[in-house]
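In case you want the letters, here they are:
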Amino acid sequence: MIRNINLWVTDGYISIPDGNSIYIWGYTDAAGKRAQVPGPRIVVNQGDVVNISITNTLPEATSVVFPGQSGVTADTGSGPQPAGPKYDGGGNLVSLTDFADYPGNPGGNPPTITYTFTAHRPGTFIYESGTNPHKQVQMGLYGAIIVRPSDYDPAVPAKKTAYGENTHTEFDREYLVVVSEIDPVLHQAVEQGKDYKIRDFLPRYWTMNGRSAPDTMNSDNAGYMPNQPYGAMIMAEPDEKVLIRYAGGGIENHPLHPHGNHTRIVALDGSLLKNGTEDLSYKKFTVLVGAGQTYDQVFTWSGLGYNPSNPIPTVMPNLRNLGVGDAGWTMWSGSPYLGEKGDVPVGVTSFNQVGEYHFMVHSHEEMQITNWGEFPGGMMTMIAIFPTGTLGDAGTIEGLG
Amino acid sequence: MATINKRFGATDGYIRVPGGSEIYIFGWVDLTGIPENEIFSYRGKAQLLGPLLEAKVGDEVYLTLTNLGMPVRPDLDDSHTIHWHGFPNQIPVWDGVPEASISVLVGRDFVYYYKPLAPGTYIYHCHFEPVEHIQMGMVGPLLVRPADYDPGNPAYKTAYGHGTGTEFDREYFIFLTELDTRAHQQIEAVQEYDWTDYKPDYWLNNGRSYPDTVEPSGALPYQPYSSLIRANSGDKVLLRFVNLGYQQHSIEILGVPLHVIGQDAQRPLGLNGENLSYRKNALYFAAGQTMDAIFTAPSAGTYPLFNRDYHKNVNAGTAPGGMVSEIQILAGSLPPQPGPGQ
Numbered sequence: 001m002i003r004n005i006n007l008w009v010t011d012g013y014i015s016i017p018d019g020n021s022i023y024i025w026g027y028t029d030a031a032g033k034r035a036q037v038p039g040p041r042i043v044v045n046q047g048d049v050v051n052i053s054i055t056n057t058l059p060e061a062t063s064v065v066f067p068g069q070s071g072v073t074a075d076t077g078s079g080p081q082p083a084g085p086k087y088d089g090g091g092n093l094v095s096l097t098d099f100a101d102y103p104g105n106p107g108g109n110p111p112t113i114t115y116t117f118t119a120h121r122p123g124t125f126i127y128e129s130g131t132n133p134h135k136q137v138q139m140g141l142y143g144a145i146i147v148r149p150s151d152y153d154p155a156v157p158a159k160k161t162a163y164g165e166n167t168h169t170e171f172d173r174e175y176l177v178v179v180s181e182i183d184p185v186l187h188q189a190v191e192q193g194k195d196y197k198i199r200d201f202l203p204r205y206w207t208m209n210g211r212s213a214p215d216t217m218n219s220d221n222a223g224y225m226p227n228q229p230y231g232a233m234i235m236a237e238p239d240e241k242v243l244i245r246y247a248g249g250g251i252e253n254h255p256l257h258p259h260g261n262h263t264r265i266v267a268l269d270g271s272l273l274k275n276g277t278e279d280l281s282y283k284k285f286t287v288l289v290g291a292g293q294t295y296d297q298v299f300t301w302s303g304l305g306y307n308p309s310n311p312i313p314t315v316m317p318n319l320r321n322l323g324v325g326d327a328g329w330t331m332w333s334g335s336p337y338l339g340e341k342g343d344v345p346v347g348v349t350s351f352n353q354v355g356e357y358h359f360m361v362h363s364h365e366e367m368q369i370t371n372w373g374e375f376p377g378g379m380m381t382m383i384a385i386f387p388t389g390t391l392g393d394a395g396t397i398e399g400l401g
Numbered sequence: 402m403a404t405i406n407k408r409f410g411a412t413d414g415y416i417r418v419p420g421g422s423e424i425y426i427f428g429w430v431d432l433t434g435i436p437e438n439e440i441f442s443y444r445g446k447a448q449l450l451g452p453l454l455e456a457k458v459g460d461e462v463y464l465t466l467t468n469l470g471m472p473v474r475p476d477l478d479d480s481h482t483i484h485w486h487g488f489p490n491q492i493p494v495w496d497g498v499p500e501a502s503i504s505v506l507v508g509r510d511f512v513y514y515y516k517p518l519a520p521g522t523y524i525y526h527c528h529f530e531p532v533e534h535i536q537m538g539m540v541g542p543l544l545v546r547p548a549d550y551d552p553g554n555p556a557y558k559t560a561y562g563h564g565t566g567t568e569f570d571r572e573y574f575i576f577l578t579e580l581d582t583r584a585h586q587q588i589e590a591v592q593e594y595d596w597t598d599y600k601p602d603y604w605l606n607n608g609r610s611y612p613d614t615v616e617p618s619g620a621l622p623y624q625p626y627s628s629l630i631r632a633n634s635g636d637k638v639l640l641r642f643v644n645l646g647y648q649q650h651s652i653e654i655l656g657v658p659l660h661v662i663g664q665d666a667q668r669p670l671g672l673n674g675e676n677l678s679y680r681k682n683a684l685y686f687a688a689g690q691t692m693d694a695i696f697t698a699p700s701a702g703t704y705p706l707f708n709r710d711y712h713k714n715v716n717a718g719t720a721p722g723g724m725v726s727e728i729q730i731l732a733g734s735l736p737p738q739p740g741p742g743q
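Respectively, the protein sequence lines represent chains H and F.
Going by the working numbering, the first residue of the first sequence is number 1, and it counts up by one from there.
Going by the working numbering, the first residue of the second sequence is number 402, and it counts up by one from there.
I should point out that these hints are in silico values taken from the structure, not numbers from a laboratory.
Misleading hints may appear alongside valid ones.
Said to hold, decoys possible - With a cut-off of at most 35 Å between alpha-carbon atoms, the simulated DSBU-like pairs for lysine-lysine come out as follows: (1) Lys637(F) to Lys681(F); (2) Lys516(F) to Lys681(F); (3) Lys681(F) to Lys341(H); (4) Lys600(F) to Lys135(H).
Note that the coordinates shown come from a computational prediction; the quantities given were computed from them, not determined experimentally.
When you get a sec, could you build the whole thing from the sequences and use the hints?
In structure tokens:
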């Protein structure tokens, strides 16, 4: 199949839960829309020919690189050529790939460029700026590509996989978490056209899918975050196989730690951890998501079998003797049992819906789960385990393509 | 299968860094078996690291957390929790995340229950405002023995069970954290600290900086754990590495290759049981990871252990210091090890 995808490169603002508003550069899927972070998700099938056309409205040249894809071509209007690095007259690298230069004519037609590649192998990949990437990627010019295996069929459990039938990558639900960090001084300098030295890079915010906690836990397309359309809440039922796709969209490495259970790492950078028949997957409770890297992993929470007729072996104290929640809110149900609601003290708002359990997923570089020093925030979300039968149809990720 | 009853207090205190400075910390103190009317005399006596927790797969652990309050910061009425980092299939009431269950107020008790499901090297730490409470010192080592563990039988004295190739003669914790003394001083002085300015100036191995690291256990009143490693030539030595700092670290032992047999309390095993253990000279850790490695003690001598990030082997900028420790190999005169790290 041929997939024709149009992206515009422009600017916009994102919202941080401490009230800050950050100027960004980013991708969007329609002319005239503000940029979003991360860029629109691109979901294609193995074997597809993917044409991605970029229209640049930034005040400088930009380009897109597709790490993990081979045979990428670029067409600036004179036919497709192998995409390659660009050097200036002095032999200095100015772009990792062909770029759409800004014509110096904001009223005229902005320049476009079309990149084409065949999605040869399934997996989780990144697309990002290849021009001044130390600035442009940090400004928000990054996004994720999911390539489905050629035999993918979400209606057939054995074929609802990340890497194809018999690769042991079946999943019931899937989630994509693209992590990054933000130095607000850099963003302000770009907005105001001031000088900025990347050697001074000092992030104050950390993001999952472009949002900082607690916004990470809000739903997709939450109205007050128009340019951060993707939530990062992970939801599943007990015993389900949950495919979690991590992608490192920033310029730092982040150790992500899920509570509740280990994950089994099944693929790195879109390559299945297999060598012939030898399985090279392994379990971890903290994975270091490196800059530009992707991690596909399967998480399952089965629990310990407690319910009101098989009670926990400790006595829950009177809630008046406990701390419940953080500054007036909690995600706890008030009960130790899945699917049960208990009492929560007066004055504490419970965001718990049906007695689901919440397990934190967060960077273990703990300053990264603050918003400029204030906990809770940053690179943190929850895995919500809902009682069996309450979560509805298993979701899969959709995107452009 | 045994029932283990433990009681930990959460409070504050002071540790020592080389050069004589005292650093304000939050931390744990072991109250197990202390009569109720003496509990309050343990306020202000936090230790770094917290007491070693040890259990076998199948044991039942009842761990009472008592919040003793902060004598140096009576204004600070923070709650505390205990989070067993990496414990599989936990339920929220015992997972210690205040936003998703409960926390323990000053002057209150709460009983956590754990029935370990899998052997390995774990961590426990407070999860209340974790950026502050972990850096301030509310961390401790946790090891789970395999169900068939028998220290009297070499084939069953293993990290991951009989037949897993993880036999050992001696075992030691290498528990890595950092100290940003500006943060500790600000908190002692009732000031706010911007955690995104985090910049450590001491790097700790088992709660101490070199040369305190090689002092015997017991030499420092509130830093009970030495990181001096001793063995007889030919011994199999199990190192249980933990990184509970906020940085990544690269640990190397000059002249001693390491066989990595555990990562994050799991043997590295493929889906069909493929043994993915591997050999390394320098072990790289992200924050919140643990690793188990075994080496065969070489010929008698002293072998330095250090952070290959050389700038971290300092105390407030002065070398040598930081995470440096020593491995002393003897010809055969060392008696059997009575317990981890001893």
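Consistency of the hints with the structure:
1. Lys637(F) to Lys681(F): It holds: about 16 Å lies between the C-alpha atoms, which stays within 35 Å.
2. Lys516(F) to Lys681(F): The hint holds at about 33 Å.
3. Lys681(F) to Lys341(H): Distance ~50 Å between Lys681(F) and Lys341(H) Cα, so the pair is violated.
4. Lys600(F) to Lys135(H): 24 Å, holds
Hint 3 alone, counting from the list given before, is not met by this structure.
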